[in-house]
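J.: Single-letter residue listing:
Protein chains: 2
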Amino acid sequence: MEITAKMVKNLRDATGVQMMLCKEALKEADGDIEKAKILLRKKGISQGDNREHKDAKSGIIYTYNHDNRVAVMLELRCETDFVAKNEEFHNLAKTIAMHIAWSKPMVISRDSVIDPQIVAEEEEIARSQVPEGKPEQIVEKIIEGKMNKFYEGICLLEQKELQVSEGKMTIGEMVKELSGKLTEKIVVKKFTRYELGE
Amino acid sequence: MEITAKMVKNLRDATGVQMMLCKEALKEADGDIEKAKILLRKKGISQGDNREHKDAKSGIIYTYNHDNRVAVMLELRCETDFVAKNEEFHNLAKTIAMHIAWSKPMVISRDSVIDPQIVAEEEEIARSQVPEGKPEQIVEKIIEGKMNKFYEGICLLEQKELQVSEGKMTIGEMVKELSGKLTEKIVVKKFTRYELGE
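These protein sequence lines are chains C and S, in that order. According to our numbering, the first sequence is numbered sequentially starting from 611. According to our numbering, the second sequence is numbered sequentially starting from 611.
Put simply, identical chains are the same to the list, so a pair is met inside one copy or across any two.
Think about it this way: if two alpha-carbon atoms lie no more than 25 Å apart in a straight line, the pair counts; the simulated BS3-like pairs of lysine-lysine are: (1) 633 to 652; (2) 667 to 791; (3) 664 to 695.
It should be emphasised that the hints constitute simulated quantities derived from the structure, not laboratory data. Since the structure is predicted, the reported quantities are computational estimates derived from the model, not experimental observations.
Model the full assembly from the supplied sequences, consistent with the hints where possible.
T.: Here you go:
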């Protein structure tokens, strides 16, 4: 199927992704715009990953304060001052900061420094919950599953965004999606959450 | 000299300090309202200190954000929700947060945990700067003076407030003054400062 300039433009208008990538996605999806959108979203994610070598030196410090009782400070980085002024970028910062306020993640990702004592304790609890008499291989699988749940609970990027009921994206996926859309590396650099009296 | 109710009321209006304390200060100052004000200010300071045993369980989380590039999050505690809503209390929080944004203190006070390596290095520098041939007693005095300067540089409560040109109060004195005025313990519980790219 021939990919016309109009099809490319339509996809570009719908996704904000650059021309060349739209054209490639449409070719791959054999001209089906909906399929191409899904492909682009997947590419958006891998595109975000492929920018690991890029420096994210620009960005913003975002603060969210709920009623002077709970507040979050967040450093969200990107590559250029241009994106640092982008409205969607600011909206993402707001979404993440509000998410942190309510979901209280402990760290950004599994790569973050997590107190080894907490991890050890969690593994012990997981092990103690496995029914007796299971083969060792199954035991390890169950513990792995439980530890995955544990990490999803404490790592910001693995947590499901609260506001979105349909998409059920994680914060990490939202970051990668916008990263793909704006074709810039986006990084949650650090965050701090205060709650009165804690 | 007789202390009239009107004199007490005048002093109270001027300072916001409670009746009984105004009366006592006027007696001590022999009716001189300006002297009484100074006495009250001194008392305000000691009053703040004397509330050490009180619990400062209420308060606010204050956030200050300058242009999405520098931001400060501050927990300022007081004893009651009543004071937590007080305008002067909020103004103090704002003053402190802005001060932190520009002055970059490392810690709240000398009681805070300060990296012992930094202190040791600073002491070594101070010692190396003392001219040779001084008696040991003098050397220690000079080092003490230099270390005091160092602590003033890194401890929030010892730093001079930037905005005030006349009074030249430290942040700690400002906290104590308002504490005395509102007759409630006020405590800078914690703060975090973010600067983009740091």
